[in-house]
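Going down the list, the sequences are from chains A and B. Going left to right, the first sequence walks through residues 0 to 232 as numbering that gives the first Met the number 0 numbers them. Going left to right, the second sequence walks through residues 0 to 297 as numbering that gives the first Met the number 0 numbers them.
Keep in mind the hints are simulated off the structure, nothing from the lab. Every residue, glycine too, gets a C-beta built ideally from N, C-alpha and C. A portion of the hints provided could be inaccurate.
[Claimed, not checked] Below, simulated DSS-like cross-link-like pairs (lysine-lysine); rule was C-alpha separation at most 25 Å, straight line:
{"no.": "1", "chain 1": "A", "residue 1": "LYS112", "chain 2": "B", "residue 2": "LYS165"}
{"no.": "2", "chain 1": "B", "residue 1": "LYS82", "chain 2": "A", "residue 2": "LYS66"}
{"no.": "3", "chain 1": "A", "residue 1": "LYS51", "chain 2": "A", "residue 2": "LYS112"}
{"no.": "4", "chain 1": "A", "residue 1": "LYS66", "chain 2": "B", "residue 2": "LYS283"}
{"no.": "5", "chain 1": "A", "residue 1": "LYS216", "chain 2": "A", "residue 2": "LYS196"}
{"no.": "6", "chain 1": "A", "residue 1": "LYS102", "chain 2": "B", "residue 2": "LYS165"}
[Stated by the list, open to error] Here are some of the chain B residues that sit facing chain A, going by a computed Cβ distance under 8 Å:
{"no.": "7", "residue": "LEU175"}
{"no.": "8", "residue": "ASP176"}
{"no.": "9", "residue": "ILE182"}
[Unchecked claim] Pulled from the structure, derived: some chain A residues nowhere near chain B, Cβ distances all over 10 Å:
{"no.": "10", "residue": "ASN35"}
{"no.": "11", "residue": "GLY48"}
{"no.": "12", "residue": "LEU49"}
{"no.": "13", "residue": "ASN62"}
{"no.": "14", "residue": "GLU93"}
{"no.": "15", "residue": "GLY101"}
{"no.": "16", "residue": "TYR111"}
{"no.": "17", "residue": "GLU123"}
{"no.": "18", "residue": "GLY135"}
{"no.": "19", "residue": "SER148"}
{"no.": "20", "residue": "GLU212"}
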Amino acid sequence: MLKVKDLNVYYGVIHALKGIDFNVPENKIVTLIGSNGAGKSSTLKAVAGLVKPKGKISFLGHNIVGKRAYKITKQGLALVPEGRHVFVNLSITENLRMGAFGKKYSELKPLYKKAFDMFPILKERANQKAGTLSGGEQQMLALARALMSEPSLLMLDEPSLGLAPKIVAEVFDIIKSLNRGGMTILLVEQNAGLALKIADYAYVLENGAITLEGDAKSVLNNEQVRKSYLGEI
Amino acid sequence: MNITIILQQLVNGLSLGSLYGLIAIGYTMVYGVIRLINFAHGDIMMVGTYFALFAATTFLLPWWAAFIVAIALAALLGVFIDKVAYKPLRNASRISSLITAIGVSFLLENLFLVLFGGVPRAFKIPQVFSGVVHLNGVIIPIIALITPIVAIVCLLLLMQILQHTKYGIAMRALSLDMETTRIMGANVDAIIAFVFAIGSALAAIGGIFWALRYPSINPLMGIMPGLKAFAAAVLGGIGSVPGAALGGFIIGITEILVVAFLPSLAGYKDAFAFLLLIFVLLFKPTGIMGEDLEKGRF
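Sequences are here, hints too, so could you generate the full structure?
Below, the structure written as structure tokens:
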């Protein structure tokens, strides 16, 4: 579904991504793990069109390098950004409306219903400002908002960030069930243990380059990974 | 001083204030989405008024058609200015865009001076807008009644757009977070262009009603109303649409009442708007209805 070849990102003189290759096959959960500043968010932003990369990104068979972000979104790619970034000045319904920006008015009703069925907490507060929600609820809203565009590929940037463990477990259950329903997912996480448990395939990113890849299980059992990312000695 | 005169002055102030309010909305919306004080906004009002004049006198359109054409052309002008002057600077420092806005303002003023001269031109007032009504001894020019109604209708329409249409919601989203609005699949450049179109159309409406009130127009006529509308936008809380309208009413009414009740200070009438501006900036920089800018607007 998503094929990335020799992806480079520069911020001025800083070479943030140094020619990485990765694939996200259909119906799979692929995870990119790595420490802070390894280039995980840059990778997602480059794919989503928020930063201009060099290299090849093919999404559903189309080259999307150099395309503007809103056009990439319309092709069926959704990003849940790091730190959630819900529109705190808009109501929950209006946030969902933004998620479905490319949809016609007549298509909205079933989409709202789907979102509210999946996240009942949002239905109770449909007319409240998103700024009044807790961190966990905002993460749910960010997820629901991304799903409103009915994406072919869902990219999640650090969905566990700043959430209580109980909420994190809930979020990951939802990700898993989305995948069971056929959703293709690219998951970026610092919490490598969690990500590897639900992923099919994993890439380890260090200083802007991929240093290890493989089935999530084999990466989970890799000694180096256990030492560096899972806190085992 | 009796109640009749007070009422008369209040209506007069309300009418002037609604003109400031109409112009202030453009300042506040553009600031809300791209954090730019568009100092060319008052000049767009002037250009809109000239469009109306030429449509009516040169092209001999009926007044209502001339007004509609002028409002539409002003909206296009706003979009065009954004595209050629501000859009290339979207990622530059804010001061660059601000200086560019002042440059655009000078360009429009001087271009119109060169093209049409500095001699004021008469703005022909259509029959329907002239005349007065008598209400219990209060004599009110019809235009002073129509202007606030037009302003309030425009404000209510705009609030409907902002609250209930997809592009309105996107404008509010954009005022908070441009990058996230992009990944929702919204064409941010088109939304900003739409904001310029709305603001410029309202400025043209303000300009036309300004000319119906003071029917002598010249290329520098936009400067003072533009600056006062800017003061109104800050007073109401820059970024807030109802705030801009409220600020406009306050400044208009203050100005008229000062002249009416303290005639010795009439020469300073233009100073009061700026005095208010200074006090707002000193004691409540976020204005009456303004909030923390990082919380998004409209």
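The hints, checked one at a time:
Proposed proximity of LYS112(A) and LYS165(B) is supported: the alpha carbons are some 18 Å apart, at most 25 Å. A hinted pair counts as satisfied when its Cα atoms are at most 25 Å apart, and LYS82(B) with LYS66(A) qualifies at roughly 20 Å. A threshold of 25 Å between alpha carbons decides the hint, and for LYS51(A) with LYS112(A) the separation of about 36 Å lies outside it, so the pair is violated. Taken as a hint, the LYS66(A) and LYS283(B) pair is broken in the structure, with Cα atoms around 43 Å apart against an allowance of 25 Å.
For the given pair, LYS216(A) sits about 8 Å from LYS196(A) by alpha-carbon distance, which is consistent with the 25 Å threshold. Restraint check for LYS102(A) and LYS165(B): the C-alpha separation of about 10 Å stays at or below 25 Å, so the hint holds. At its closest, the beta carbon of LEU175(B) sits 5 Å from a beta carbon of chain A; the interface hint therefore holds under the 8 Å criterion. With 8 Å as the threshold, the beta carbon of ASP176(B) comes within range of chain A, its nearest partner Cβ sitting at about 6 Å, so the hint holds.
With a cut of 8 Å, the hint placing ILE182(B) at the interface with chain A holds, because the nearest CB-to-CB distance is about 5 Å. For ASN35(A), the non-interface assignment is confirmed: its Cβ lies about 20 Å from the closest Cβ of chain B, beyond the 10 Å cut-off. Against the 10 Å criterion, GLY48(A) falls within the reach of chain B, whose nearest CB is about 8 Å from its own CB. At the 10 Å boundary, the C-beta of LEU49(A) falls inside the reach of chain B, the nearest C-beta of that chain being 6 Å off.
Separation of ASN62(A) from chain B is adequate, the least Cβ-Cβ distance of about 19 Å exceeding the 10 Å criterion. The claim that GLU93(A) lies off the interface is violated: its Cβ sits roughly 5 Å from the closest Cβ of chain B, which falls inside the 10 Å cut-off. Not every Cβ of chain B is farther than 10 Å from the Cβ of GLY101(A); the closest lies at roughly 4 Å, contradicting the non-interface assignment. Here TYR111(A) stays apart from chain B, with its beta-carbon at least about 14 Å from theirs, past the 10 Å limit.
The Cβ of GLU123(A) sits about 21 Å from the closest Cβ of chain B, beyond the 10 Å cut-off, so the non-interface label holds. Residue placement check: GLY135(A) keeps its beta carbon more than 10 Å from all beta carbons of chain B (closest about 19 Å). With a closest Cβ-Cβ approach of about 6 Å to chain B, SER148(A) is found to fall inside the 10 Å limit, against its non-interface label. Against chain B, the non-interface label of GLU212(A) holds: every CB pair exceeds 10 Å, the least being about 26 Å.
Hints 3, 4, 11, 12, 14, 15, 19 from the list above are not met by this structure, while the remaining hints are.
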